[in-house]
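Using the hints, position chains B and C against chain A.
Chains as they are written, first to last, in the numbering used here: chain A, 1 to 318; chain B, 1 to 316; chain C, 1 to 324.
Honestly, I wouldn't trust all of these hints.
Claimed, not checked - Covered, in the sense of this in silico footprint (three residues per stretch, anywhere, with C-beta under 8 Å from a C-beta of chain B), are these stretches of chain A:
#1 52-63
#2 211-221
Said to hold, decoys possible - Result set (SDA-like, lysine to any residue): computed pairs, CA atoms no more than 25 Å apart in a straight line:
#3 A:K242 to C:G186
#4 A:K81 to B:T39
#5 A:K180 to A:M144
#6 A:K101 to B:F188
Read the hints as simulated data drawn from the structure, not as lab findings. Everything numeric in this text was worked out from a predicted model, so none of it was measured. Quick reminder that beta carbons are idealized off the backbone N, C-alpha and C, glycines included.
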Amino acid sequence: MKYLAISVTAAAALFSSAALADGETIAVFTKNQTNPYFQAVRVGTETAAKTLAVKVIQYIPTKPDSIPEQLSQVEDVIVKKPSAIIFIPVDYKALVPAVEKINAAGIPVTNITDRSAGGNFVAFVGADDYSIGLSVAHRLLKAMGGKGNVVILEGVKGSLTSTNRVRGFNDALKEYPNVKLLASQPGNFQRLNALQVMENVMQSFPSIDGVLAANDPMAVGAIEALEAANRKALVVGINGSKEAVELIKSGKLLASGDFNGFIQGCVGTEIAVRNLRKQATPKEVMLKPIVIDQSNSAPYEVPVEQRPCPTLEQIVSN
Amino acid sequence: MNARDLSLASLPIVRVPGVAIVLVVLCMVFALTSPGFATPANIANILTQSTILLLLALPMTLMIMTEGLDLSIGAVLTFSSIVLAVTVVATGSPTLAFLAALAVGLCFGFGNGVLIAAFDIPPFITTLGTLGIAQGLSLLVTDGQSVVGIPRSIEQIYSGTLAGIPLPIIMGALAYAVTHVLLYHTRFGTYVFALGGNREALRVAGISVRGMLIRVYLFGGFMAGVAALLMTARLNSAHPTAGIGMEFDAIAAVAVGGTSFERGNGWLLGTLLGVIAVGVLRNGLNLLAVPSSAQVACIGALVIVALFIDGLRSER
Amino acid sequence: MSTDAPTAVRSHFALSRDVMQAFYRLLAVALLCAVLAMLSDVFLTANNILNVLRQTALLFLMASGLTLVILTAGLDLSIGANVALSACLAASVIKITGSPLLGVATGIGCGAMIGLANGMLVTALRIPSFIATYGMMWMLTGVTYYYMAGETIHGFPPGFRQLGSGYLLGVPMPVYVMVLFLLIGGLFAQRTIWGQQIYAIGANQVAARLSGVPVERRLVLVYAVSGAMAGLASLIILARINSAQGDIGEDLTLPAVAAVLVGGTSLFGGSGTVAGTLIGALILTLVLNGMNLLQINSSWQPLVTGVIVLLAVWIDTRTRRIGE
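Chain A with its partners taken away, still in its complex shape (with noise of 0.2 Å):
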């Protein structure tokens, strides 16, 4: 129990003294530990708040996506009264009684990756899952010739990110008559249940020519399952993460869209800070939808922990 005290009041003598320092404070959002999307998405934050002299604070639900506990969270730093924040709900809708409550606590909250259903907002910032999906789509059906047998991966079922992406698949699938969808089943945008879903899907069917994965790590389990079975498809994740990267590299995955955390976490900072010193911001930034191939995968070679932030005129004049 001392030893508990002890240890609990030298954290907190580190955390204090660290938070008040001089300068804004932003607090940022994001929805679990686990997901490298996120962590992209945190890295953004710090790299840009290193070059605009402010201090960040994250905060992440210890369950991962927890609808509650975000809620709770967002309670206690209003508490704390950051300077601003930056926020990715959990839930778009859950979530909105959250954002109600900062803008009742008048304090700037800029909104990135998932568009909350309501409250007041300095900015969005995000990119289109919808046209990334249908773009992503396009490359693999392409590489198909127009003809074969496609499976989707479907994430987590009635998530925006999920139901987006996997509405983007479906209208590219619709502009080729001569490719069937054999099955479109949810692998919850993680690695073992896409991994195990594509077993099973595999047994039903003799011929799959490609598979549309609503994100990487999704695309690497259908990747690892065809291997086992020593089947070849083509595949398609999005979020363009490490992994995925040296998999195209390697020929193994053939694109990834490109939903890029890091730039998104880097431009809500930007503008955050730029509401707080009175400077003109963008009501909107939408990434525009890139699909990285090896045409093109040579610049997410570089860790995202060594990336520079782009400007905000960087990405909005593109």
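Chains B and C in isolation, oriented as in the chain A frame:
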């Protein structure tokens, strides 16, 4: 061992259990290190946040005293909340919706009770099964989506105040008072103590053990229904994952509060302190901006340290 | 938990009851297979059967160690978190040293150490196993999150990958591992003195202590074994998915507990078998496989699994009563 436990349980003031020590230490540390912690607004914030967990932990105390538990309570809360939201959106009547949510809670509570008492299926397995059923129903009804469009009158239940005190705190206090009276001042309560410690004596006295067990789980279902109202008001929506894992939080709070898994040693005030200790820890760590991975580890440490102190005491 | 359980003596009568229980459960598996074979024409193909067995192997490995814990009337809620930390550490070791052997040693060693810690909490500190392992789950998860910092470790040597995705004589490697541990676990539990002592502890801890069973040491052993099996399972997962991420152990604990319970092991301790757990794991895997093959909306999965857990255990209590 038994005789000593009983004498300690009968004199709750004499025993200074692990949870009280932990709570006092946590409050002192946070009050000293975080300027925002010991303010009336933040204390109200902590208590309000703790209400939903308290509503689940109170009946869980009774279940654990009867050598049972309810793993389905978080999923039942979720499903009740979804039924509440769907009903209020469809009919526009908050009263009807609340009654529907209570009915769902009571149905699951009754089902759990019957399976445990009449079919002799152990509580852990029964409620693991009904957890799956409630979770599956939640997903099927909503297809994974949030249910929105709740009228403001329901949201008021979470955000409103009475004489300056937030309504959830009043509801939590009321629920605690009711459970306290039930447990310590009614025959039902006496039977609950006996269900864990001395089931045979109940049978000899001609009391229906089955009937009593069913009532315990019905009470759990009822509280899950009430908690569903608070959860829906809090989120202003219902979501099929909102209550996932809360059953384990509730069980941990009960255990931290000193209720033993063996032989009907229940302590309701301990459960209240346990719930508040968890709330204080999470709030304090957030105020100090402790990294989330350290927060996760701290919650585990809290559970083990509190139980460890209790273990030291019982060895004396 | 309960002290009025039958005594530790495992008579011929008790054994024959176990045989009956196993028979009923195999009947359930056969029934399930018959239904699935009628509904889906690919179900009974050799490929799909091997596929089901490979998926069963993973669940069984975690559940087999857990079976021993539950036989002593305990519980281990930390196995999912244990799998995550063991997998991440083993992955780092393989990446850094390039040696799969060191990685395997790390995974199993880490799992066993965590199990040992659980055993110490339960015996030396006398914390109920449910709470001790629940606290342990949070602490392990915290360490894993801190260590991984949201990153992924991926790409292991082909030799190591064989453990998860390789074949020998046309049968997937994990299936051999499963059979091996089914034999070891079964022989250990049924045919050794230590195994019998574990049953005795579960049936009546006080009586076991009085009859000279070193209860504390056996309990520590049981938790360490459960931890080591989680470590082993983490290696199979690593080898199968070729990468490690902090969320690798999420949603693994309760299915393992369900497999043990559907397999007929009683939570009150003292009765159940490792072979039963294999059948339990097989039933749960078959259900998921069938739902995937029939392309049933995945929202039905928790509901169907819940009903099956209830049915299995209810039939179990019924047949047990008839046996008595």
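Broken hints, by number: Going through the list in order, the structure violates hints 2, 3 and 6 and respects the others.
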